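There are 2 protein chains.
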Amino acid sequence: MRSHYCGDLRKEHIGEEITLTGWVHRRRDHGGVIFLDVRDRQGIAQVVFDPEREESFAIANSVRSEFVIEVKGLVRHRPDGTVNSDMPTGEIEVLGLELNILNKAETPPFPLDDHQKVGEDVRLRHRYIDLRRPEMQEKLRFRSKVSNAIRNYLDDNGFLDIETPILNRATPEGARDFLVPSRTHEGAFFALPQSPQLFKQLLMVSGFDRYYQIAKCFRDEDLRADRQPEFTQIDIETSFMNEEEIMGMTETMIRKLFLELKGVDLGDFPRMPYSEAMQRFGSDKPDLRFAMELVDVADLMAEIEFKVFAGPAKDPKGRVAALKVPGGAKLTRKNIDDYTKFVSIYGAKGLAWIKVNEIEKGVEGLQSPIIKFLGNDVTMAIMERLGAENGDLVFFGADKEKIVSEALGALRIKVGEDLEMSQCEWAPLWVVDFPMFEETSDGGLTALHHPFTAPSCTAEELKADPLSALSRAYDMVLNGCELGGGSIRIHNQEMQAQVLEILGISDEEADDKFGFLLNALKYGAPPHGGLAFGLDRLIMLMTGTDSIREVIAFPKTQSASCMMTNAPGEVSAAQLRELNIKLRKTP
Amino acid sequence: MRSHYCGDLRKEHIGEEITLTGWVHRRRDHGGVIFLDVRDRQGIAQVVFDPEREESFAIANSVRSEFVIEVKGLVRHRPDGTVNSDMPTGEIEVLGLELNILNKAETPPFPLDDHQKVGEDVRLRHRYIDLRRPEMQEKLRFRSKVSNAIRNYLDDNGFLDIETPILNRATPEGARDFLVPSRTHEGAFFALPQSPQLFKQLLMVSGFDRYYQIAKCFRDEDLRADRQPEFTQIDIETSFMNEEEIMGMTETMIRKLFLELKGVDLGDFPRMPYSEAMQRFGSDKPDLRFAMELVDVADLMAEIEFKVFAGPAKDPKGRVAALKVPGGAKLTRKNIDDYTKFVSIYGAKGLAWIKVNEIEKGVEGLQSPIIKFLGNDVTMAIMERLGAENGDLVFFGADKEKIVSEALGALRIKVGEDLEMSQCEWAPLWVVDFPMFEETSDGGLTALHHPFTAPSCTAEELKADPLSALSRAYDMVLNGCELGGGSIRIHNQEMQAQVLEILGISDEEADDKFGFLLNALKYGAPPHGGLAFGLDRLIMLMTGTDSIREVIAFPKTQSASCMMTNAPGEVSAAQLRELNIKLRKTP
Numbered sequence: 001m002r003s004h005y006c007g008d009l010r011k012e013h014i015g016e017e018i019t020l021t022g023w024v025h026r027r028r029d030h031g032g033v034i035f036l037d038v039r040d041r042q043g044i045a046q047v048v049f050d051p052e053r054e055e056s057f058a059i060a061n062s063v064r065s066e067f068v069i070e071v072k073g074l075v076r077h078r079p080d081g082t083v084n085s086d087m088p089t090g091e092i093e094v095l096g097l098e099l100n101i102l103n104k105a106e107t108p109p110f111p112l113d114d115h116q117k118v119g120e121d122v123r124l125r126h127r128y129i130d131l132r133r134p135e136m137q138e139k140l141r142f143r144s145k146v147s148n149a150i151r152n153y154l155d156d157n158g159f160l161d162i163e164t165p166i167l168n169r170a171t172p173e174g175a176r177d178f179l180v181p182s183r184t185h186e187g188a189f190f191a192l193p194q195s196p197q198l199f200k201q202l203l204m205v206s207g208f209d210r211y212y213q214i215a216k217c218f219r220d221e222d223l224r225a226d227r228q229p230e231f232t233q234i235d236i237e238t239s240f241m242n243e244e245e246i247m248g249m250t251e252t253m254i255r256k257l258f259l260e261l262k263g264v265d266l267g268d269f270p271r272m273p274y275s276e277a278m279q280r281f282g283s284d285k286p287d288l289r290f291a292m293e294l295v296d297v298a299d300l301m302a303e304i305e306f307k308v309f310a311g312p313a314k315d316p317k318g319r320v321a322a323l324k325v326p327g328g329a330k331l332t333r334k335n336i337d338d339y340t341k342f343v344s345i346y347g348a349k350g351l352a353w354i355k356v357n358e359i360e361k362g363v364e365g366l367q368s369p370i371i372k373f374l375g376n377d378v379t380m381a382i383m384e385r386l387g388a389e390n391g392d393l394v395f396f397g398a399d400k401e402k403i404v405s406e407a408l409g410a411l412r413i414k415v416g417e418d419l420e421m422s423q424c425e426w427a428p429l430w431v432v433d434f435p436m437f438e439e440t441s442d443g444g445l446t447a448l449h450h451p452f453t454a455p456s457c458t459a460e461e462l463k464a465d466p467l468s469a470l471s472r473a474y475d476m477v478l479n480g481c482e483l484g485g486g487s488i489r490i491h492n493q494e495m496q497a498q499v500l501e502i503l504g505i506s507d508e509e510a511d512d513k514f515g516f517l518l519n520a521l522k523y524g525a526p527p528h529g530g531l532a533f534g535l536d537r538l539i540m541l542m543t544g545t546d547s548i549r550e551v552i553a554f555p556k557t558q559s560a561s562c563m564m565t566n567a568p569g570e571v572s573a574a575q576l577r578e579l580n581i582k583l584r585k586t587p
Numbered sequence: 001m002r003s004h005y006c007g008d009l010r011k012e013h014i015g016e017e018i019t020l021t022g023w024v025h026r027r028r029d030h031g032g033v034i035f036l037d038v039r040d041r042q043g044i045a046q047v048v049f050d051p052e053r054e055e056s057f058a059i060a061n062s063v064r065s066e067f068v069i070e071v072k073g074l075v076r077h078r079p080d081g082t083v084n085s086d087m088p089t090g091e092i093e094v095l096g097l098e099l100n101i102l103n104k105a106e107t108p109p110f111p112l113d114d115h116q117k118v119g120e121d122v123r124l125r126h127r128y129i130d131l132r133r134p135e136m137q138e139k140l141r142f143r144s145k146v147s148n149a150i151r152n153y154l155d156d157n158g159f160l161d162i163e164t165p166i167l168n169r170a171t172p173e174g175a176r177d178f179l180v181p182s183r184t185h186e187g188a189f190f191a192l193p194q195s196p197q198l199f200k201q202l203l204m205v206s207g208f209d210r211y212y213q214i215a216k217c218f219r220d221e222d223l224r225a226d227r228q229p230e231f232t233q234i235d236i237e238t239s240f241m242n243e244e245e246i247m248g249m250t251e252t253m254i255r256k257l258f259l260e261l262k263g264v265d266l267g268d269f270p271r272m273p274y275s276e277a278m279q280r281f282g283s284d285k286p287d288l289r290f291a292m293e294l295v296d297v298a299d300l301m302a303e304i305e306f307k308v309f310a311g312p313a314k315d316p317k318g319r320v321a322a323l324k325v326p327g328g329a330k331l332t333r334k335n336i337d338d339y340t341k342f343v344s345i346y347g348a349k350g351l352a353w354i355k356v357n358e359i360e361k362g363v364e365g366l367q368s369p370i371i372k373f374l375g376n377d378v379t380m381a382i383m384e385r386l387g388a389e390n391g392d393l394v395f396f397g398a399d400k401e402k403i404v405s406e407a408l409g410a411l412r413i414k415v416g417e418d419l420e421m422s423q424c425e426w427a428p429l430w431v432v433d434f435p436m437f438e439e440t441s442d443g444g445l446t447a448l449h450h451p452f453t454a455p456s457c458t459a460e461e462l463k464a465d466p467l468s469a470l471s472r473a474y475d476m477v478l479n480g481c482e483l484g485g486g487s488i489r490i491h492n493q494e495m496q497a498q499v500l501e502i503l504g505i506s507d508e509e510a511d512d513k514f515g516f517l518l519n520a521l522k523y524g525a526p527p528h529g530g531l532a533f534g535l536d537r538l539i540m541l542m543t544g545t546d547s548i549r550e551v552i553a554f555p556k557t558q559s560a561s562c563m564m565t566n567a568p569g570e571v572s573a574a575q576l577r578e579l580n581i582k583l584r585k586t587p
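Protein sequence lines, in the order shown, are assigned to chains A and B.
The first sequence begins at 1 in the numbering used here and counts up one residue at a time.
The second sequence begins at 1 in the numbering used here and counts up one residue at a time.
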């Protein structure tokens, strides 16, 4: 119906008779003429109706915001002094010749350009209106571009897009699975996939060699701000490639994406072992935009009287670390109190600090409530190790290793953001050499990635000292977010059995959960590995969005409901009967 | 790890030292040397090991079918007389220099090239092995190509790939929905989508203008041979385009697909009104590869004594039609009996016939048990109308219109296939001008497409005579299969209310099921329409596959279970408790 998109009109269209369709974004009466800002997917064009053309002027006079209209008109220069250089179409306007109302609109529940005044719940309830906002249009359009660019890159590299099932096998161990009762198999359930992991490995056993899928995944867990019950994964698996090749290929993919869609060259991604990341940044996904590092000072603290430091310093599972904040001395007592509260989220019981005012004066030039507990010598040794300079602030953490790393790791980013200390816009890296296992609270072992991750040692070495074993896993991190992660998988049946034994997974449980994969490994599984990226998170990062709900067309709230459709909803007793289930309590 | 794919080796590689990885497809010992056929995704290469290289010969001697190996070798001409022109790699062979076993394999449950000897259940149970068969590799690779070509076509045409939710609102009216109990909302359920219909309409209300998605859809119905509980839809919706434009654009897409991936030009698709399709072919998806047509003869039969014909001929809801089969006189009594059984599937109570042996002799030249009931004049009048010639066979159907059309429509295709009467390989068309409604068995009305389909008349005309109203729907048909279907949707709230009223859907039910859409129509919905193609069916047609299970990597059986994973499975009482449900009967 249209000849041009509103947002695409430019100087070169001047003199053309065109047809636009779209929504009335704004109507203004000014100097006896009516201005309609007409909006479509591409942007906004200004259309002018003058009283000489009575019929269209009368219609223009009757339209309201969000009416859907069709306009025939003539593109012309805006009069001198009315050019709007903020608008891509700001040099031109359209003289309206004919106007046709395609659909009326009630007054929308909130004005599009005033959406911030209404709560997110109102916007989510009327999502179809919220999505009209140019920012939302742009984000979802960008998402579509990213999906397409990724698909084409993978297709060009010989990857096959193969769909794996959504209705999967439920098992009694399937925590966090969404379940679907089967109508035809009484008492049995399907589970929605947390990821296509097992299927993509089977596709490698089948010899497809290179697989990808932009796949919906599901996790029934309590939602944090950046989680959704259903999310989208760029899922990749290859055979006969080692970790270097897989990392190289996917790094190229992400670099190409940033270059083509954002004009940003991310450069070569550095590699960092997990142990180094935890040591220096207190995180397995360090945000390298900030230079600050955690510095271990346990050796300096071990002999002091003050138990708060000396205890963790002497505990093999403890950690005592310092974080030097350049220029942090300007932080107020209130700031520091707030940070103390902040680290308590991670279990830290306090947040000791030293302000460096005049380091040339020794401890006299420092300000801190803890120097008296540390003693002058230890204090100055710490200052020396940190290379403290005037104006710095030093924070301390002393506790179990995990608590200190997490608390100071998070504090590092928080302070870095608050003080605007980032040194670059984009800081990608690969974290590698993860441990195979970590200890659970009950003293058992759990897989740091998943039980199909290959170790970088032999089965014998693995058995002898599982906690020292490293895996062939790799995570791609960007600005402190895990963009994607993967590993070389176990393709050898004996190795797989060894790992399951170490994890204390019984043969019965293993058989129940993934017996078909264990079986498949017997029949000629190739060496294989892969990776999965979180598409939602990637789009968030690329578009600079804080909330995952802003990059998903129809998101769920934190209570896993949809404000627009009121999902989930009630069903009839007959439906439940057919599915062989009933409610625990009748409503 | 490899330098080349096995299947890609050609004459031009002769003299090169290469590395292959793959599976041992076959091992033969012949004349003191060992031949390994090594298979990968691209095909098979023959590798020769001679005893001079002791180490690799010994390994070659130890490998078995489906071992995973890595071979270094030299590409050379096959010796004279051993060139295999059936194999793409048949001109060359690889002299094996080094051989490395990457993984062993137990004897597979069935030999790949003898898969037909085992039941489909064995193949499905070991799907990862079944998928190694070159045909299966080729089908899924083709599917990936089709998905990619479609995405690129739509992307090039300004369509945005927007994901819609899988966890949707369940309603008490949601027959055939798969349900997902909510953990966080006691007693409430999500439903898996039968299609993204409502969401894609909302995206139009949001102004996205052009949307597509290759979307998973779900239907919990008893499965026929060509159905799966989850299936894939190429889902398309546009704003400000009329049916001509939508049909034109998607026709171009399908033509381009066939041209690029099969080298077939489908030509311009003819259009046929629904009524004509039913009249001439007894089907709303006529298979135009066959020329035979149904010919109405009720007017000739109305006055005869024989009630079997005269009854339906006089019944306004009856139909009496003939199907002339050129060359059908050669069919045996047994053939005709089989066809009689075949039409009984569609409710036909019998299958009358006349063989045309010597038409120049009048009724004397005909052979049939029914001439005596028809009388000579009527018989000859029918022969004349049909243009019957010697060697023809004429079948008759007389019953309710629906039964006759369906039975003779199906018979037409069955006979056409049996007698190999197809006149071309590909016969596409658009079926248009569908009725808005059809009568249900209880005398009510149901939407032939869905309740959001726009009529081609005004709301007043619709109300006055709903059964005569036509819709703005269109189906794309290829070789008697519905490839896709769609319509212009209702964008006007009053029209939507009118349609729902005619369908007898109460305000309460409408509000419960799709109140958010009805609401959205109030706030400026643009004229819009779209279409959805069944991807599985498209791939079946393009690859000439009979079973939908052959074009899906991990399909379900007709009882909606997965033989490989044993889905659906049992879950624990704790899981059910968390979901606030229990089993009807404890197992």
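Source of the hints: derived by calculation from the structure; they are not laboratory data.
Careful: at least some of the hints might be erroneous.
One-sided excerpt, in silico: chain B residues whose CB lies under 7 Å from chain A [unchecked claim]:
1. S147
2. K216
3. I359
Being a predicted model, the structure only gives us computed values, none of them experimental.
Where is the CB? At the ideal position from N, CA and C, for every residue including glycine.
Do the hints match the structure? See the list:
no.: 1; hint: S147; in the structure: 5 Å, holds
no.: 2; hint: K216; in the structure: 6 Å, holds
no.: 3; hint: I359; in the structure: 54 Å, violated
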